[in-house]
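Chain by chain, the residues run as shown.
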Amino acid sequence: MATSRNRFRSDPQLVARMGVTMFLIGALYVGVVAALIVSGLNIAFVLVIAAVLLFVQYYFSDKMALYGMGGRIVTPEEAPELHGIVDRLCALSDMPKPRVAIADTDIPNAFATGRNPKHAVVCATTGIMRRLDSQELEGVLSHELSHVAHRDVAVMTFASFLGMAAGLFTRMALYSGFFFGGGDDEDNNNGAAAFFLVLLVSMVVYAISFLLTRTLSRYRELSADRSGALLTGRPSALASALQKVTGDMARIPTRDLRAAEPFNAFFFTPALANGVSISSLFSTHPSLEKRLAQLAKISAELGQPV
Amino acid sequence: MGLLDTILGRSKPVKPDLDDLFALPSAAVTLQAAGNLRPTGVGSVCVKPAEGGGFAGLREQINQLLAMDGGKYDETTDGFGFTWIVRRGDPNDLSGLVADLHGVNATLSDAGFGPSLLCTLVTFTDGQLPTVGLVYLYKRGTWYPFAPTGPDKRDNARELQVRAYLGDELKVEPDLSRWFPVWGAPGL
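The listed protein sequences derive, respectively, from chains A and B.
Note that numbering that gives the first Met the number 0 numbers the first sequence so that position 215 is 214, with each residue one more than the last.
Note that numbering that gives the first Met the number 0 numbers the second sequence so that position 94 is 93, with each residue one more than the last.
Note that these hints are calculated values from the structure, not bench results.
In this text the structure is predicted, and so the values were computed from the model without any measurement.
All residues carry an ideal CB built from backbone N, CA and C; glycine is no exception.
Please note that a few of the clues may not be correct.
To be verified - The following label-pair restraints were derived from C-beta to C-beta distances:
1) B:Gln127 - A:Ile72: 53 to 59 Å
2) B:Thr75 - A:Thr125: 40 to 46 Å
3) A:Ala43 - B:Ser176: 40 to 46 Å
4) A:Val51 - B:Leu175: 33 to 39 Å
Put together the whole structure using the sequences plus the hints.
Below is the structure:
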């Protein structure tokens, strides 16, 4: 009885582990950068490297995401239904038509990426197309097109750069305090202490920026839900798509999930089901309840007579 | 969309531009002279039905509007869930057709459903080749030709030919990637 009740619930430990892992990945990055600085590299130079890395990620976001998910650009002849939906949504919202891709995987998901609306690509997996009817698929695609219209790739890249830069400047400030304020006679001991203190403070700065970036990401998901629902005029189709997809997500084997994790940021729903309090701080997507509540509100607004 | 809207993640619904609809009758004269394409008398308005009581009430209103005119109108829903309000009239009275279509558009737009308007379609034929549609995109205020030759197939050469016929008579959509197909539209 107990096992069957637990089967479809998210595993709090797993979610916490994932949050910690994501944090550690970032912390590792910060550590590496700190080590680079200690080894004598110019702070401006490190900042430039960080900016270049993020810019590459931003500039090639469409190609990287497509490659990572195994997405393939399809012509209107190959996928008339998908193209038809995207065509109409673009005509309704007056935006240039993005490229349309299909990823051959049974994970029900969709994502949109690209540095600007002209270089955007919208990708749906065969899994999501199999599970959703055309109204629901339209809701999902309009959510994705809203990400494109809001230029979320650019905003999120910029936000994470700011987080990184904040960490770097903290270190810079601390270093100048230590190396120019203190004496340099006991440099070995002082150097090690300084290194750890700097590391600690930059971790804290990083932690704050990590939480802020995640919060921002959740806010933008809600925005995309809202704009998408208003564009199609059918918030309940999007709501039912969300329910179907998040319900299914939890049942997907772990191996597939791991493969999908790096691309969570621009996914329709994250590849891991959440719902625990700690995860709601760490997750890139708002909880299903929050998203459904917002859609229900829009639905009620649309129901008002004109 | 402005910078602030981008930063705040808001996109505003696009308001339709109905003005250029009335340029059609004079362009049709050119089309007949240059390409022997005559109006079929069929025109339609495509709208994305929103859910909820507001739109249902509006639909009621449209139905009343349509019923008044001796059954010249009917309504179909396509495979994408879009509603087409179709008017079939006298092929020689294109101005009347355009005025009626504008009436439907204006009713929907005034009721706040302008953002839900997809396009207006008016069809033309030369008596031999398949029917050609001229599609009006509200959100851009431009026209483009659409010549389907079968399910999911369109005759691009003919569409470009029609654009050449039209010349400056109509504001033709300059961005070819926006000439999106309306498969299965009524009258085509």
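Hints and how they fare:
About 37 Å separates the C-beta atoms of Gln127 of chain B and Ile72 of chain A, a value inconsistent with the hinted range of 53 to 59 Å. The supplied range of 40 to 46 Å is broken by Thr75 of chain B and Thr125 of chain A, whose beta-carbon atoms lie about 30 Å from each other. With their beta carbons about 42 Å apart, Ala43 of chain A and Ser176 of chain B fall inside the hinted range of 40 to 46 Å. Between Val51 of chain A and Leu175 of chain B the C-beta distance comes to about 36 Å, which sits within the given range of 33 to 39 Å.
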